[in-house]
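So you can see what is in the structure, the chains are spelled out below.
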Amino acid sequence: MADHALHAPQPIDTIRDDYLALIRRKRTYGAILLAIFIALMTSGFIIADDRNAGGFWDGLHRIFDFPAEVIAEAAQKADQLPAHFVTFLPAMIETLNIAGAATLTGAIGAVVLSLLATRGMAKWPRLIPVFRRMMDIMRAVPEIVIALILIFVLGGGPVPAMIAIAFHTVGALGKLFSEVNENASLKPVEGLESVGANWSQRMWLGVIPQVAPNYVSYALLRFEINIRASAILGFVGAGGIGYELKNAMSWGKGRYDEAAAIFLILFLTIILVDQASSALRNHLTHGAKRGAK
Amino acid sequence: MTLLLVRNLTKRFGANTAVDNASFEVSAPMMIGVIGRSGAGKSTLLRIINRLTDATTGAVEVDGRDVLTLSGSAKRAWQSECAMIFQQFNLVPRMDVVSNVLHGTLNRRSTMATAFNLYPQSDIRRAIDILDRLGIAEHAAKRAEALSGGQQQRVAIARALMQDPKVILADEPIASLDPMNAEIVMSTLRRIHVEDRRMVICNLHTLDTARRYCDRVIGMRDGRIVFDGTPDQLTTAAARDIYGADDSFSEATTSTEIAALDRAQNLETA
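Chains as they are written, first to last, in my numbering: chain G, 1 to 293; chain D, 1001 to 1270.
Because the hints were derived from the structure by calculation, they are not lab data.
Take every hint as true, because none was put in to throw you off.
For the chain G half of the interface with chain D, some residues (derived, Cβ under 7 Å), not all of them:
| no. | residue |
| --- | --- |
| 1 | Ile12 |
| 2 | Tyr19 |
| 3 | Leu22 |
Given the structure is predicted, the values throughout are model-derived calculations rather than measurements.
C-beta atoms are modelled at their ideal positions from N, C-alpha and C, and glycine is treated no differently.
Pulled out of the complex, with its shape left as it was, chain G reads as follows (with noise of 0.2 Å):
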């Protein structure tokens, strides 16, 4: 109504011709950029094929063969299962052992980290660039490098990957951690600034009731996360599951059915946490919304 006493409205064939050009102008870029990424994916592809010490053409119809042995020779030894189970249970738990250790000193440091870098709530606001690149390099360097390093000073076991874990939990938590602080009300901050309480105490006592679901909810994916990632840890040396299952693979032949037995283990393992975890968080994320029913 106003708008239309302002400026007088253009002609409508002027708005579809205009429109109808933006929408032509859009399909050409459209189309130039899936062209690019066509032509990325093909040389990249041939790019890795050539590098390839077997060829993937070559290989392709062997993927089945190693898995097709294990399972041969854990069926043909079906009976000794169970007892492979329990030798290795002690390897599973270790695994989870360090996953857990790993989520909470990294989860720690993430509320930490996160409440120093996000706008509003920074103890330091002029330091907020400087926490969130420490985020950002913590959560760049991949845990297997720094538990290499790590093993290489601290010698094997799984301490080592217990810190590579936490140091790339911070960063990689921190992030997640700082986008859900940001959704936060900054009323009862000030609320709480307004009677004198300090940094820690309004963090603490303002931010942390309204974000703590969701940091939970954050903190149990990526313990399933960290499983995972110890379990691969072992293969470099850090113990636990992934350390039988590197060994149990080198012998060859004969040892197939603890391999079996360790990759059942482990798959069953991830399975309950993930199972018990999503549960977990659905009761987090819905459960406040039927007490207020």
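Dock chain D against the given chain G, drawing on the hints supplied.
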């Protein structure tokens, strides 16, 4: 001839009954206003007709076929024939206005083509013509979120028209608009009904709007239809019954009309 027949419609949510044995029949394209307090079951009624919500029991017959038993693509085809307009507009905020209007054709187009926003030129032209008819063609290339509430609601109406529907269901289309935009949106809906002869069923919570724009008024209270007639038959006593109000109730207290606004302004300046 019966265009739309709602028969013994009931919807229960746990222990609550949102719609309780509602029945009515529409024999000619008309503009129907459904009024009642919030929580009276108006929204649920419309959502059942559009199949956004499933009824517990009952039937909705259109051209002699019960649309509540449809499933899969037949259900989606019915939904494309029965456009829905929402209180909060329910547009895709980050997409441009024309694309939002073109979403009205999704049921007819393939998933692949629409995923890459490839619509036929004729559809794009028609979308812009519809926008022009509703007076918002100049915003065609803007993002939907950049528009005001009233403009967004007109985009939503344009999307509904793009569906070329038999029935337009409007769920509180003006509840989040200021009086001036509310008037524009309501007259647009009225115009669509008059010019295209489409049936419009409109949930409203104010009586005077229903009186002013609708040919027929259905009053709901606690899920039951307690009034069904022309606006003239809607006496103050009937209105009190619908809203469950006492003697202090008068229509002016619920008004959102411009006229009421003018009166208020006159009082202020006087």
